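Student: Mind assembling these two chains? They're in different frames, but the hints should get you there.
Protein chains in written order, with my numbering: chain E, 1 to 116; chain H, 1001 to 1333.
In case anyone wonders, no lab produced these hints; they're calculated from the structure.
From a predicted model like this one, the values you see are computed outputs, not experimental measurements.
Just to be clear, a hint being listed does not mean it is correct.
In silico DMTMM-like pairs for lysine to aspartate or glutamate, Cα to Cα no more than 25 Å straight-line [what the hints assert, rightly or not]:
1) E:K73 with H:E1298
2) E:K73 with H:E1180
3) E:K73 with H:D1123
4) E:K27 with H:E1180
5) H:K1025 with E:E71
6) E:K73 with H:D1036
7) H:K1025 with E:E29
8) E:K37 with H:E1180
9) E:K37 with H:E1050
10) H:K1025 with E:E70
11) H:K1012 with H:E1033
12) H:K1025 with H:E1037
13) H:K1012 with E:E59
14) E:K73 with H:E1052
15) E:K73 with H:D1022
16) H:K1025 with E:E95
17) H:K1025 with H:E1180
18) H:K1025 with H:D1048
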Amino acid sequence: MNPELFENLRLELRRGCLTVAVLAQLKEERYGYELRKALADCGLDIEENTLYPLLRRLESQGLLVSAWREENKRNKRFYQLSSEGQETLTCLLDEWRALNASLNRIISSSFARAAE
Amino acid sequence: MDLIERYLNAVKPFLPPDQRDDIVKELSANLHEEADEREAELGRPLSDSELESILTAHGHPLTAAGRYQTNQGGLTFGRQLISPMLFPLYLRALWILIAFGTLIHIGVLVALGVSGVSINSGDIVNSFFTQFFVQFAVVTILFCVADRILPATPWRDLSAGIAPAARPPRRARDRVSLVESIAQIVALIAVAIWLQVVYTHPESLVGSIGTTYRLGPAWSYVVFPTAAIFAANLIQSIINLARPDWTSLRAVTRALTDLAGLAILLYLIFAGADNLVIFAHPGAGDPRTLQIINQWVEYSLAPTALAFLIAAGIDFWRLRASLNWRSWLPGAA
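Excised from the complex, chain H in its bound form (with noise of 0.2 Å):
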């Protein structure tokens, strides 16, 4: 019986939240009915092929639960291109990107304002629609590709990847949701992609401010350490895709990447003091102004720092609790 707790395992991060337990728990009953009436008929206990062959006839967990989900639409062009068991993450994922990089772009525009830079209606809105336009671009496809390789994996993948007798079943919080995973990878990739947007194209975010100032030499040297921060916690994701239970992994790679990420902010605020901004070509714009620019971009660097020393000492504190040292010691097992 432990593959139908694996299958319901399988299928409840993709049910709607407020009627998660309760479908689970009525699937959980319908199941067990089901595989007890072919136990009887057969008069013995049922090997796992045959259990599968049950779950099977459900449906793969993410079809089996998108019929549940009060809202069934989906993307269509042509033809489906997100179904309705990803459309409401789609949506969730959409929003949280929108709204994110909305905040930045307001952040920015009012701290130019503030430094004196005059900034017209017209670049306001070219460049929300462009932020807009990339970050929905850059979320579709990537909820257009899960929506095409989830269904294709084996529902057992999804599920654990353990053998039932291998291990005792671990409790939901000592594993890596699926859902977190998926998430992560989207939000890593469309992150990413912006940043690397708003880097190579100022202009996209600052409309043609873009082209009097430019980011200073400092920025080019930490391309390379926060591209791989991203990839460890994109392979960290990808491998807790296939092996949920490796908890310690992500553990690791939060502590190390945040750790990363500090030492970035650290070398931008000290090395690269009142030369973060600089012009794009020599007396584009007034020296006062850029002073002011850089100040602000100082200003917002030194709270990220301190967040990501906060989040590393919450990830080690984590990582401590995970590694459980005392079960190290001789004797401890």
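So here's chain E without its partners, still in its complex pose (with noise of 0.2 Å):
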């Protein structure tokens, strides 16, 4: 296997899924640090400067909003869903678990035929 070709496709099966489960941990408001940890606790470990700008260019396109809140002595951007963020998400869940259905069969019916 050519490891640089498998990172480059990693990379890119990774970077669709990144944006559905940002959108997706911020139903409930977050900061950046806090959702970084968040992910990472669900087994979505993300760099930090993936994220960080992630979540700025979610929210320019707007599907997050975000304001500066004092917490624990620090301020700090809380970011969350926007109400047309929540529409989107709610289309691209659908479109994943789709998305997913078909692959399985693909999937199992493939490696189906190679057991024969």
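Tutor: Okay, here's the thing in structure tokens:
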């Protein structure tokens, strides 16, 4: 296996999933570092320099809203899904489930053919 | 925590200007939060190396800043030559240099036209394309090199180069910014190459007229001093990349090179009068036209010399403030 090629394919595969994961986690309000920990706790490690710019991009696209607030004597920027983000997430999750089901069918049928 | 500030200082110049302060504020909050949590886990303050490993996980400052660029474009030719981190700076430098070159080009063509020299449209198109190609090639190559070198530079060298405890934090205006140093290096090399091309191949600027007229002997005497001025400014920028706190070096270099530039211009005006442009070979054109061209060149050198005089005055004023001679007096410390 070509490790460089695998890494490129892996990153490509993760890219779209990360957006869905971030949107799903932001049903409740979180700040950047807290969100990164929450994603890591669910087994989805994401680099800081990928997550923080992604949050800003999603906000500029109108999918998130943010507000500065003091917590534990420190000013933090809290992000949450906007109403448009909520609608988009619902559609994305439908798409994800359909894609996942198709992929599972494809994989299991190809494995079954290979076993015969 | 001073390391965090230094990391943020290294990231800041490469962020989109309209969001710079906001992004730094947010990054700072997240980094401090992460450091606080790690300290709470260990039950003691973090060492410099532990704090540095947190910052290293955020990526090199240039990479970290590059991810925030709204323009995620880059220059790719088979492989990526200029990444998104430097692409906005590259576009800006390219437009400034092309605008600068085009203005000079138009000025020269207008002056030649007014002098009575007939210029055909083919010459104009050819010389414009040659100028554009030279500037594009030079700026692109310089940025490709910078794109390879900068990410390999340890981020501590990008931020300050001074141990946190050694000196109190300096104000932004007491430092030469990384962007300024890089911009100056790119501009100096690009302009030096452009001048070299125009000097050795004047037809690249004025088309086939360059075969009728050429620069007079006075210009050959200023080639070495001009190269020395460029070299001095280049060395100063490279030193300021590593030592951004050496603002006095910048002030001294600028003041002296402005004076040297003024001396060169005065020499050209007085020593080379009526002889700044000569025929490429005897009887190549109309002597009256040649006289008008020389007058135009002189007219353009005079305000340039005045601009250098004003710049030198401002630089010496800043130098005086920068050196703060009163601090050298006994008992001033």
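Student: Hints first: check each against the structure and report whether it holds.
Tutor: Hints, verified against the model:
Under the criterion of a C-alpha separation no larger than 25 Å, the hint pairing K73 of chain E with E1298 of chain H is inconsistent with the structure, at around 66 Å. Proximity of K73 of chain E to E1180 of chain H is assessed by CA-CA distance (about 36 Å); at most 25 Å being required, the pair is judged violated. Simply put, K73 of chain E and D1123 of chain H have alpha-carbon atoms about 68 Å apart, too far for the 25 Å limit, and the pair is violated. About 43 Å separates the Cα atoms of K27 of chain E and E1180 of chain H, which puts this hinted pair outside 25 Å; it is violated.
Between K1025 of chain H and E71 of chain E the CA atoms are separated by roughly 15 Å; this keeps the pair inside 25 Å, and the hint holds. Annotation: proposed proximity of K73 of chain E to D1036 of chain H holds, straight-line Cα distance about 12 Å (limit 25 Å). Using a Cα cut-off of 25 Å, the hinted pair K1025 of chain H and E29 of chain E holds, with the two alpha carbons roughly 19 Å apart. Taking the CA atoms of K37 of chain E and E1180 of chain H, the gap is about 37 Å. The hint is violated against a cut of 25 Å.
With a C-alpha separation of about 19 Å, the suggested pair K37 of chain E and E1050 of chain H falls inside the 25 Å cut-off, and the hint holds. The hinted pair formed by K1025 of chain H and E70 of chain E meets the criterion: a straight-line CA distance of about 13 Å does not exceed 25 Å. Our distance criterion of 25 Å between C-alpha atoms is met by K1012 of chain H and E1033 of chain H, whose separation comes to about 19 Å. Proposed proximity of K1025 of chain H and E1037 of chain H is supported: the alpha carbons are some 18 Å apart, at most 25 Å.
Among the hinted pairs, K1012 of chain H with E59 of chain E is consistent with the structure: their alpha-carbon atoms are about 21 Å apart, no more than 25 Å. Pair hint K73 of chain E plus E1052 of chain H holds up; C-alpha atoms about 24 Å apart against a cutoff of 25 Å. At most 25 Å may separate the alpha-carbon atoms for a hinted pair to count; K73 of chain E and D1022 of chain H meet this at roughly 18 Å. Simply put, K1025 of chain H and E95 of chain E have alpha-carbon atoms about 36 Å apart, too far for the 25 Å limit, and the pair is violated.
For the given pair, K1025 of chain H sits about 23 Å from E1180 of chain H by alpha-carbon distance, which is consistent with the 25 Å threshold. A threshold of 25 Å between alpha carbons decides the hint, and for K1025 of chain H with D1048 of chain H the separation of about 22 Å falls inside it, so the pair holds.
Comparing the model with each numbered hint stated earlier shows that hints 1, 2, 3, 4, 8, 16 do not hold.
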